[in-house]
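Asks: Chains as they are written, first to last, in our numbering: chain Z, 1 to 181; chain W, 1 to 288.
It is worth saying that the hints were derived from the structure and are not from the lab. Incorrect hints may have been included.
Stated by the list, open to error - Computed list of chain Z residues with no C-beta within reach of chain W, every gap over 10 Å:
no., residue
1, D3
2, R13
3, R44
4, I53
5, D54
6, S57
7, V63
8, R65
9, A67
10, R93
11, G95
12, I115
13, G126
14, A159
15, L165
16, V181
To be verified - Ranges between beta-carbon positions, derived for each pair:
no., chain 1, residue 1, chain 2, residue 2, range
17, W, V52, Z, D90, 52 to 58 Å
18, Z, E91, W, R28, 32 to 38 Å
19, W, G3, Z, T173, 29 to 35 Å
20, W, G3, Z, A160, 29 to 35 Å
21, Z, G88, W, D53, 44 to 50 Å
22, Z, A160, W, E261, 48 to 54 Å
23, Z, A160, W, D88, 46 to 52 Å
Beta carbons are placed, not taken as given, at the ideal position from N, Cα and C, and that holds for glycine.
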Amino acid sequence: MIDITGLAEHLRRVTVEVTDAGELLGSGVLWPPGCVVTNAHVVRRPQVTLRLIDGRSLEGHLVARDADADLALLSVPGTGIPAATLAGPDEVRIGSFVVAVGHPLGVRGALTAGIVCAIGPIVPGGRSWIQADLRLAPGNSGGPLADAGGYLVGLNARAAGPLALAVPTGQLTRFVRAAGV
Amino acid sequence: MDGLLSLSNDLATAVERASRSVFGVSGRARLGSTGVHWRPGLVVTADHTVHVDEEVTVTRPDGRALTATVAGRDPTIDIAVLKVDAPDVPMAEVANSDAVRVGHIVLALGAGPRASWGVVSSVGGEVLHLDLTLYPGFSGGPLVDAQGRVVGINTSGTSRHWQLAIPAAAVNRAVDELVRRGRIPRAYLGVSTQPVRVPEALRQRLNLDQQTAVIVVEVQPGSPAAAAGLSIGDVLVSLGATRITDPTDLKAMLRPDRVGESITASVLRGGEPRDLQVTVGERPRRTK
Numbered sequence: 001m002i003d004i005t006g007l008a009e010h011l012r013r014v015t016v017e018v019t020d021a022g023e024l025l026g027s028g029v030l031w032p033p034g035c036v037v038t039n040a041h042v043v044r045r046p047q048v049t050l051r052l053i054d055g056r057s058l059e060g061h062l063v064a065r066d067a068d069a070d071l072a073l074l075s076v077p078g079t080g081i082p083a084a085t086l087a088g089p090d091e092v093r094i095g096s097f098v099v100a101v102g103h104p105l106g107v108r109g110a111l112t113a114g115i116v117c118a119i120g121p122i123v124p125g126g127r128s129w130i131q132a133d134l135r136l137a138p139g140n141s142g143g144p145l146a147d148a149g150g151y152l153v154g155l156n157a158r159a160a161g162p163l164a165l166a167v168p169t170g171q172l173t174r175f176v177r178a179a180g181v
Numbered sequence: 001m002d003g004l005l006s007l008s009n010d011l012a013t014a015v016e017r018a019s020r021s022v023f024g025v026s027g028r029a030r031l032g033s034t035g036v037h038w039r040p041g042l043v044v045t046a047d048h049t050v051h052v053d054e055e056v057t058v059t060r061p062d063g064r065a066l067t068a069t070v071a072g073r074d075p076t077i078d079i080a081v082l083k084v085d086a087p088d089v090p091m092a093e094v095a096n097s098d099a100v101r102v103g104h105i106v107l108a109l110g111a112g113p114r115a116s117w118g119v120v121s122s123v124g125g126e127v128l129h130l131d132l133t134l135y136p137g138f139s140g141g142p143l144v145d146a147q148g149r150v151v152g153i154n155t156s157g158t159s160r161h162w163q164l165a166i167p168a169a170a171v172n173r174a175v176d177e178l179v180r181r182g183r184i185p186r187a188y189l190g191v192s193t194q195p196v197r198v199p200e201a202l203r204q205r206l207n208l209d210q211q212t213a214v215i216v217v218e219v220q221p222g223s224p225a226a227a228a229g230l231s232i233g234d235v236l237v238s239l240g241a242t243r244i245t246d247p248t249d250l251k252a253m254l255r256p257d258r259v260g261e262s263i264t265a266s267v268l269r270g271g272e273p274r275d276l277q278v279t280v281g282e283r284p285r286r287t288k
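Okay, chain Z solo, but in the shape it has when bound (with noise of 0.2 Å):
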């Protein structure tokens, strides 16, 4: 029998509101230690309020934001919980099982399952996503995209109808890195 349970609430754990003054903004991702990724269109000013699985609030300090890459860092020490774990970039196969989670609609820890519809730009010439055959709504971006192990394969930034769009890991990689992280 095949169960999604347990690896929904293993992503659950690593996946944050991203709120501003009560407000949610948007998800985020515990990763790498110490910090959450989100997207740069969900943080708009340096502090943030993040709160965890465990019910906690902490504030998120603004390490890095890239519009154009739509992705942005946030410094949160002492979470005391283990951060999400990439997926090999190679280990994306078109028609793989994935589920994203985040809080489509302020839905908290919404879970929505689907396949890897295809990998690359939407528009010749364009940036390369993980497109995924999978529903988005208001309040997943910045949230996991993430395989059947529980592997993070992408970050959603948002949906093109029924097809989800995330920045692939190594775009997240390439942005800690440069951030000094």
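We have chain Z; now place chain W onto it with these hints.
Replies: Relative to chain Z, chain W alone:
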């Protein structure tokens, strides 16, 4: 999570396997579509995505482009067959679509490759209803089972509300006709019918085991039915070995390959059985 991992691997392997015989088809101005190497030198796609009548550019799985010619097409079933010279591109492994059941996990592939997944919602006679997304350009592409075998051709062209696939068995029949004639003839008799109950007394007297049949309410002049001597009021009980219990039976029986066939029409006329020989005709094509 082992079951999930193996499902995930199976799906990815199915995509990999099936996409080896998937072509891109540039048969219309803006949006390309997808085709499947169905038989040696023949690529099947969705008719509504091919707006030209002669030459079409297709893209092999390895990205190389070549020119194909339209071998035949039918807008009703929404299938077009393209002649392609690509002997080194493997043919699709086509499965028996009669084994497809409601609830089966299936994948839709587009050229690229791209993939979406979902389940079979319902299985009709000539069509599979799907709960999945056919992304732009997926029309004409393969519907693939979890083993990577092709069970149908996807099309979003014939319905706004449903994602559909033409089952492989129906695609095979269509390809046969399209290769032979370039089009699919519509078999017809030239009658309009209504379902009718066969009176119990008549059933017993004639030893009929069917409760219903169809009554002829119109005979088109000059039609095969008129030539066979069928008239209004005749109750059609069977055609050849096929029992006709309602107009759907009649429609299902009149497949394209029946055109030209001479069959016995068993009718009740004035309460008496009578056999008429009728030659199935081809419905005249509408002229514009």
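Asks: Look at each hint and say if it fits the structure.
Replies: Going down the list of hints, with the structure as the test:
1. D3: D3(Z) is in fact no farther than 10 Å from some Cβ atom of chain W, at 7 Å.
2. R13: holds (15 Å)
3. R44: Fine: 32 Å to the nearest Cβ keeps R44(Z) off the interface.
4. I53: Non-interface label stands for I53(Z): nearest chain W Cβ at 19 Å, farther than 10 Å.
5. D54: holds (23 Å)
6. S57: holds (31 Å)
7. V63: Fine: 33 Å to the nearest Cβ keeps V63(Z) off the interface.
8. R65: holds (32 Å)
9. A67: holds (28 Å)
10. R93: violated (4 Å)
11. G95: The claim breaks: G95(Z) does not keep its Cβ more than 10 Å from every Cβ of chain W (closest is about 3 Å).
12. I115: About 5 Å separates I115(Z) from the closest Cβ of chain W, which leaves it inside 10 Å; violated.
13. G126: G126(Z) clear of chain W: closest Cβ-Cβ about 14 Å, beyond 10 Å.
14. A159: holds (12 Å)
15. L165: holds (13 Å)
16. V181: holds (29 Å)
17. V52(W) - D90(Z): 52 to 58 Å: The hinted range 52 to 58 Å is violated for V52(W) and D90(Z), with Cβ atoms some 40 Å apart.
18. E91(Z) - R28(W): 32 to 38 Å: With Cβ atoms ~36 Å apart, the hint holds.
19. G3(W) - T173(Z): 29 to 35 Å: holds (30 Å)
20. G3(W) - A160(Z): 29 to 35 Å: Once the Cβ atoms are compared, 31 Å apart, the range 29 to 35 Å for A160(Z) and G3(W) holds.
21. G88(Z) - D53(W): 44 to 50 Å: holds (48 Å)
22. A160(Z) - E261(W): 48 to 54 Å: holds (51 Å)
23. A160(Z) - D88(W): 46 to 52 Å: Taking Cβ atoms as reference, A160(Z) and D88(W) lie about 35 Å apart, which means the hint is violated.
Hint violations for this structure: numbers 1, 10, 11, 12, 17, 23, all remaining hints satisfied.
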